Structures are given as C-alpha cells and as structure tokens.
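Protein chains: 2
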Amino acid sequence: MKAQLGTDEGKHKFVLKTPKGTRDFGPKEMAIRERAFKAIISCFKRHGAEVIDTPVFELKETLTGKYGEDSKLIYDLKDQGGELLSLRYDLTVPFARYLAMNKITNIKRYHIAKVYRRDNPAMTRGRYREFYQCDFDIAGQFDPMIPDAERLKIVHEILSDLQLGDFVIKVNDRRILDGMFAVCGVPDSKFRTICSSVDKLDKVPWEEVRSEMVAEKGLSPEAADRIGEYVQLHGGLDLIEQLLQDPKLSQNKVAKEGLGDMKLLFEYLTLFGITGKISFDLSLARGLDYYTGVIFEAVLLQQDNEHLEEPLSVGSVAGGGRYDGLVGMFDAKGRKVPCVGVSIGIERIFSILEQRLEASEEKIRTTETQVLVASAQKKLLEERLKLISELWDAGIKAEMLYKKNPKLLNQLQYCEETGIPLVAIVGEQELKDGVVKLRIVATREEVNVRRESLVEEIRIRTSQC
Amino acid sequence: MKAQLGTDEGKHKFVLKTPKGTRDFGPKEMAIRERAFKAIISCFKRHGAEVIDTPVFELKETLTGKYGEDSKLIYDLKDQGGELLSLRYDLTVPFARYLAMNKITNIKRYHIAKVYRRDNPAMTRGRYREFYQCDFDIAGQFDPMIPDAERLKIVHEILSDLQLGDFVIKVNDRRILDGMFAVCGVPDSKFRTICSSVDKLDKVPWEEVRSEMVAEKGLSPEAADRIGEYVQLHGGLDLIEQLLQDPKLSQNKVAKEGLGDMKLLFEYLTLFGITGKISFDLSLARGLDYYTGVIFEAVLLQQDNEHLEEPLSVGSVAGGGRYDGLVGMFDAKGRKVPCVGVSIGIERIFSILEQRLEASEEKIRTTETQVLVASAQKKLLEERLKLISELWDAGIKAEMLYKKNPKLLNQLQYCEETGIPLVAIVGEQELKDGVVKLRIVATREEVNVRRESLVEEIRIRTSQC
Numbered sequence: 001m002k003a004q005l006g007t008d009e010g011k012h013k014f015v016l017k018t019p020k021g022t023r024d025f026g027p028k029e030m031a032i033r034e035r036a037f038k039a040i041i042s043c044f045k046r047h048g049a050e051v052i053d054t055p056v057f058e059l060k061e062t063l064t065g066k067y068g069e070d071s072k073l074i075y076d077l078k079d080q081g082g083e084l085l086s087l088r089y090d091l092t093v094p095f096a097r098y099l100a101m102n103k104i105t106n107i108k109r110y111h112i113a114k115v116y117r118r119d120n121p122a123m124t125r126g127r128y129r130e131f132y133q134c135d136f137d138i139a140g141q142f143d144p145m146i147p148d149a150e151r152l153k154i155v156h157e158i159l160s161d162l163q164l165g166d167f168v169i170k171v172n173d174r175r176i177l178d179g180m181f182a183v184c185g186v187p188d189s190k191f192r193t194i195c196s197s198v199d200k201l202d203k204v205p206w207e208e209v210r211s212e213m214v215a216e217k218g219l220s221p222e223a224a225d226r227i228g229e230y231v232q233l234h235g236g237l238d239l240i241e242q243l244l245q246d247p248k249l250s251q252n253k254v255a256k257e258g259l260g261d262m263k264l265l266f267e268y269l270t271l272f273g274i275t276g277k278i279s280f281d282l283s284l285a286r287g288l289d290y291y292t293g294v295i296f297e298a299v300l301l302q303q304d305n306e307h308l309e310e311p312l313s314v315g316s317v318a319g320g321g322r323y324d325g326l327v328g329m330f331d332a333k334g335r336k337v338p339c340v341g342v343s344i345g346i347e348r349i350f351s352i353l354e355q356r357l358e359a360s361e362e363k364i365r366t367t368e369t370q371v372l373v374a375s376a377q378k379k380l381l382e383e384r385l386k387l388i389s390e391l392w393d394a395g396i397k398a399e400m401l402y403k404k405n406p407k408l409l410n411q412l413q414y415c416e417e418t419g420i421p422l423v424a425i426v427g428e429q430e431l432k433d434g435v436v437k438l439r440i441v442a443t444r445e446e447v448n449v450r451r452e453s454l455v456e457e458i459r460i461r462t463s464q465c
Numbered sequence: 001m002k003a004q005l006g007t008d009e010g011k012h013k014f015v016l017k018t019p020k021g022t023r024d025f026g027p028k029e030m031a032i033r034e035r036a037f038k039a040i041i042s043c044f045k046r047h048g049a050e051v052i053d054t055p056v057f058e059l060k061e062t063l064t065g066k067y068g069e070d071s072k073l074i075y076d077l078k079d080q081g082g083e084l085l086s087l088r089y090d091l092t093v094p095f096a097r098y099l100a101m102n103k104i105t106n107i108k109r110y111h112i113a114k115v116y117r118r119d120n121p122a123m124t125r126g127r128y129r130e131f132y133q134c135d136f137d138i139a140g141q142f143d144p145m146i147p148d149a150e151r152l153k154i155v156h157e158i159l160s161d162l163q164l165g166d167f168v169i170k171v172n173d174r175r176i177l178d179g180m181f182a183v184c185g186v187p188d189s190k191f192r193t194i195c196s197s198v199d200k201l202d203k204v205p206w207e208e209v210r211s212e213m214v215a216e217k218g219l220s221p222e223a224a225d226r227i228g229e230y231v232q233l234h235g236g237l238d239l240i241e242q243l244l245q246d247p248k249l250s251q252n253k254v255a256k257e258g259l260g261d262m263k264l265l266f267e268y269l270t271l272f273g274i275t276g277k278i279s280f281d282l283s284l285a286r287g288l289d290y291y292t293g294v295i296f297e298a299v300l301l302q303q304d305n306e307h308l309e310e311p312l313s314v315g316s317v318a319g320g321g322r323y324d325g326l327v328g329m330f331d332a333k334g335r336k337v338p339c340v341g342v343s344i345g346i347e348r349i350f351s352i353l354e355q356r357l358e359a360s361e362e363k364i365r366t367t368e369t370q371v372l373v374a375s376a377q378k379k380l381l382e383e384r385l386k387l388i389s390e391l392w393d394a395g396i397k398a399e400m401l402y403k404k405n406p407k408l409l410n411q412l413q414y415c416e417e418t419g420i421p422l423v424a425i426v427g428e429q430e431l432k433d434g435v436v437k438l439r440i441v442a443t444r445e446e447v448n449v450r451r452e453s454l455v456e457e458i459r460i461r462t463s464q465c
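Protein chains in written order, with this note's numbering: chain A, 1 to 465; chain B, 1 to 465.
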C-alpha cells in the first residue's frame, strides 16, 4: 500500500506499512489475544509463578554464543555511540542474565513479552519476526524430574484449556541424543551441528537430513545410517525399557542417565494422568545450543475441525527444555543454576483462534461500556456532560457521542453497533421530574429511574458484564 | 558489576548489566506495576476505549520529521539488509500510521507499551531510555472541545485514583502560542524552534531561555522580551477573558480562535467539576512538532508527604495535545483525521509508588498461591503429586516443594515467607482415613477435611483472595 505525504508537508513518496514480518493488533485481534493470555496467565499463576520483565534489548555480548546457527537471526541496533545492543531473541537468555546479575538461585517465574527474529515470515502459519512468547521457568537445585514433570502438566493444561484440538507433546533428552551420537560414531566436535540437522526432521524427510549430514557436515554415511535407525523410534515407557536394554546405548553413560530420568519422568506424568498425550521421540532435537537435559515440543495434530474452513498446518505451539549451564555462563565464578522452562508459541495459537472466530457466528465486543448517555432533544449537551461525569465518578463505564445535538436515532444505533446494553436518556421532562429514562437496548424496554438510584440500577442490570 | 564467562565456556570478560537507561522489573516491582496499570486501564475502559497494539519498531521513514529537535533521540536498527527500521519514540505516530493505513476515521483507543529514547537517563527521577507510555486517544471529526474536555477528566481521575498527592494540569493552545509569537514579532520560520525554547521554561529560568532565543536562535531582544511578558501569565477563565481583550492578541486570528476554544473548554471542565486543578498557562509549549491545538501537562506538586523520606521531584506525569495534521501526513491524499490524546508517564509514577511502599510497612505478595501441598512423613512424593494434580485440575492455585522428602518445618516456613494462607498436609494416617489435614497458616489451626470436599473448603477459606 503506497501513500504520499500531504502536499503541504513534503514531496517524497513512501510506503505505508508495518515492517516485514510484523503486524498491528486491532481491537478485535486484541480481544482474542487477551482471551488467550487470560487462559495462559491463570495457568501460570495456578502453579505459583511470580512475574518479571526485562528490557526489549540486551548488550549484544549477552546474546553472543547462546543460539548456535540461529544467531544470524538476531536484530542488532545501529551503533549510535555507547553500548552495542541487540533485540532479545528469546526470553530465556535474558532470564539467565537476570538470575546471574541478581544472584538469584531459586525462582519460579513467568514472563510474557515480544521477541525478535530476522526469520523468513510465514504470517498465515503464524510465523512472524516480532512475536509473543509466554515463558514459564523453574530455576533451582531440586530433586530430579519434579519440575520437569510440572512443566509438561502446565503445557497439557493450557492446550486443553484453549481447546485447540488434539495435540501431542514430544519429549526427548539431550543426554540421550548425545549418547546416541556417540554410539553412532559422531565425533564430539560435530554433536551440536548434527543435532541441528536432526532438528529439521519435523519439516523435511530423513533422506534430505541425511544428505545434509554427509554432504554438508562431513559425517560418514555409516554413522548417518545408524542415526537414521534411532530417530525413527518413538513411544512410551516400553520404548524407554527397550533402549535401557539396547546393547550399544546401555553402555553409554550419559545416555543411560538420560534414559533413567526419562523413566522417572514418565512415572510422575502417570500420576498426573497425562501420559496419553506424551510421546518419547528420538527425532526431537530442538535447535538451541543451551539445552542440557529433557527437551520437549508440543504439536497440534491435523484434523477435520468443523470450526475451520480448511485445517491449518500450525506445527509446534509450545517447546522448551532443561538448561543447567546457561546461568553459569553469566556468573563470574561459573556457578550454575539448574533451570527448566516452557515457552508457549502464542502467535500460532492466535491464528487458530482468529480463524475459528471468523468461521463462527460469535460477535465479540471490543469495549466494556455499560451505558450510553444520550439526549432526546437539542441543547442538552451540558446535561449529558453533568450526568456522564456523575456516572464516571461512580465507576460506571459510560460513553456519549461527541456532538452538541446528536439525533436520538444515531445514539441508539451506536449502541446496536458496539453492543452497549443500556442507554440513559435525558430529556426536558425527565429533568423536571428528577428522573432519567433508562432504555434496555436488547428489549427496547424503557423505564424511568430516579436520578439518585440510576447508578445502582445500572450496576444491577449489567452485573453479569 | 563485572563478570567472566565460566572457565569452561570461554575467556573474554564482559559486563553483566542491562543496557544504559533500562532496568529489569522483579516480582515486587511487577506487583506495583500491575497495580498502577490496573487503575489506568480501568479508567480507560470506563471511558469506552478499545485497545490496539503496534510493532515495537516502524519503518525509519515513518518516524522521520515528526519530532522536531527530539528526532536525534530515536534508536535506529542496524542495516542488516532489507528495510531500515527505528524503535518507536512514542505511541502517537504509530497510532496515526495505523489510522491512515487502515483508513480509520473514528476510534477511541488506548495503547500501553514501551517506547524508546536515547536520552540522558535520570533513573532516580524515573527517566529511562526504555519506558512505558499509557496512551488514550480520540480520533474523529467532533464538535469542539468535547473530547478535549473528557481527556482532561481522564487525567484527573487517574491521578486522583493513584493518590499521588496534589497535582495541577497546565493547559495551553498551540494557536495561542503561535498568535503570541506573531504579535511579539517572531518570524513564521522561527515559530517551532522558539516554541522548543519556551518548552524549557519548566526546567530552566527565563533568563537562560531568553539568551537561547537571542544568542542561539537569532531572535531580536525586543521580541524575546515581549514573549517574556506573556509566558509569565497563568490563571483560569479570568485570564482567558483578559487576553480576549488584549489589544494585540485579540487582533490575531489564530490566537482569537484558540482563546475562544479555551473558554469553551473551561465551561465543560466546570461541568465536570475539575477546574480547581486546571491552570491555563502561557508558558506551556510541549516539545513535539505535531501539536495543532490544545496542549496540556500534568505536574505533581512538591509537598511534605509522610509516605516519603524526602519529597521526590518528579515533574510531569502526564501530557498530550491535539494533533489534527498528523494522520494526514500519512494519507495519500493528505486527508486529515483530527486527534486528541493523553499519555501517562507511568515510570515516574512507579518511582513514587515504589518509594512509598519501601517507606510503608505493607508486605506485598508476589504470587496468588492459595495452598501448599505438603507431607508429614517421608516417601509421600507420589501422594503429593496426585493431590496437587487434583487441585490444579479443579482450578486451585497450588504449590509444592520440589523435594522427594521435604521436612514439614521447611514446608511451613515456605508458606510464612511467601504468604500462602493454607497448607494441605498428607500423612499416612490421613490417607488411611481418606482425609487431608488443612492448616490455616495465620492461626496455625488444623482441621481434617474429607478429600472429596477439600477443593470446596479451600475455595471458601480463600474466597477473599
């Protein structure tokens, strides 16, 4: 969409748009967004989380060396003198910086804020360059797998609560992956880069991933093929038991540790009664460098959803992992604070909720106004101003049209359009009688209410709002 | 504060801090912030506002030529290929861009978000480089001064509601200023730059401002002295009447318009009953280029506040103005949409609320947890996990310690520290009897509750939370 400066202001043409990969949220989108946030925040609070906030940018060096191959997606600020800054890429690294800086060794917090990635946007699939993350993290030295289990319970609660349809939560462990790479003959130096290749398996077929490993990353075909056998495996406790017997894996120390914890995790998830939606999946790798233990990713399953015209491919809606080393990277003495986190990918969830609302008949209000202060005749602006001022001071949500002499019809139409349930009408007669005519928009019923009891009457009639 | 990467990770030293002029919000600060936002948002909703959100950065050219001398404070992003971007400097220009882009000619919206200015921070006075603005704007073609009056009512409601102490709302009109400059002999070309000089009068004495006008900006000493006489004036309706009789000003068309509207504004404010805190002040100029009509600024008055150790000089806490030309600058055909806005400078308000809380005895909770699920003996982790899962599924806000066998004393201490009002204790005997021991932390009273009625019991006992 092109636009030109008003002739009086200047000459040069410019494009009238939001930056690539970003969007505005209008009142309707915001109403949907607030709904989703409400569900997520109430879940986080249900689990006893505190809330924190950090700046949108960090010192560039704070983000350096935390994101592996994704580091190229970081937005840098222009050097205008002073510190070199970058926009945050996620909420996890700022959280770790916050813990180290304030010497906090024990906290359970959530943080909902926008993060920034110079990625190729796919807006219809809910992938943006500016997008919200809803993070819940548990930091501290605790007995194994208890926080890890609660975190998956949280994802299960939120996805169920938002009614996004069927989903599965894939889990794996970086230690199992590393052990697997070791027994497959991947040199230590190649662990992370081979890990990023495996991470692509949810988007591209094994054959492509294999050729990337061999051709681009110089892995031996034999090693690649051995990996190929493992990454096909997924299941539950049965698979864990099977791998604990695996002649090669069972001989590898880290793999054994990981499998032992995975077994414990599944026992706790059984007590939570949510194993039905959990899948231990050896192809799950996660891109980021800083994970050290259990990792997970929640994906919505394709289905014929009567709410949607055509089913939407949204992929992962939540993910996270354990990162026991990250805080230590910021600490002078390298003191570690074990952390486990979950991040809800809210933009993709918005896309679904928006599409669903489009399809549905539901008309969603964008204001909470209880009453419109209207006038029946001309020359009553002063009276309207006096009345609405009384209502505001009493805490009533009230609006009026910004015209000296609005037509009553226009005032009633405004209520129909915006869903305002009540109209308080002042007229000469009402003023004489010390009453206000209260009109119920839905039923068109009208009652005279004594001025002094108007506030109470409005409260009663809108108590459900 | 300095820190070094953990020896295993790397060698180079780096600084562990947030960027200059920014800060983290910990759980306690967030609790205060949420309180202030609650008061502000409920006021905005009381006045029927919708809510929108826009990206944190805009195309650089979108911000160009909107902020006059302040443009140098804009943060630019590094050119990493693609569009040239800048962080938003305020929420007003993005709002105007949003209106023009979506061809919206009529909306009442609020927007609460962070804005960015490469200013000299004065954190103790609540001036940051990243800070929140809480904006409420009314866009549309309406009868004069009705939205302008409501906007000042909103500021009055919010500052009263937050109990920040005594305040005054200074108002003026760009047309009165321009008319004044004209009759004082300021050449048209110098209006805006002289305006920025006048704007400094709240921080520096007239003599300095005068010499800046004459020495730096080449204004004639006579003109400067004539301005000096006017900018000392402040008052109410009386002053407006007096200036309407002023031999010079009354001959100037724009000044006359401005004074006429100012009179009307004061009539409406009288109906709202808030003129007691409004001062028509000819020294009020406001820095920004885009204002075209009534401008205002709300200032807290110094006082001995028993809540504060020493009174805090916070200055302006809200400001705004009418900007009828801004949207037109973004429209292809230069179509104008009259707008009037208010912006609450929340950071300064935080400073006061924080200081006040420090001084007060009040202990502020940072979570909403209703109950801690605890165990009296060892080997009850599974039972705790089962119970807490039941409570979460029933919507109860519940926590547990992430230990296999926590001491009961530690569990009770955790409640004392965090303010959790209830403890649900599982023990072997209780399990046999099918009950849970519910302990009220404040009174240390303990009651056995049948498991099936536990949720209801917790709801009743925490209903005020």
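Be a bit skeptical, because a hint or two may be false.
As the list makes no split between identical chains, a pair holds if one copy fits it or if it spans any two.
[Claimed, not checked] Each computed EDC-like pair below joins lysine to aspartate or glutamate, with the alpha-carbon atoms no more than 20 Å apart:
no. : residue 1 : residue 2
1   : K277      : D119
2   : K114      : D90
3   : K190      : E208
4   : K45       : D238
5   : K248      : E83
6   : K45       : E390
7   : K38       : D53
8   : K263      : E382
9   : K379      : E267
10  : K200      : D161
Bear in mind the hints are in silico, worked out from the structure with no lab data behind them.
Predicted model, so just to flag it, every value in this text is computed and none were measured.
Report task. Report the numbers of all earlier hints that the structure fails to satisfy, in ascending order. Result -> Those not satisfied are hints 1, 4, 5 and 10.
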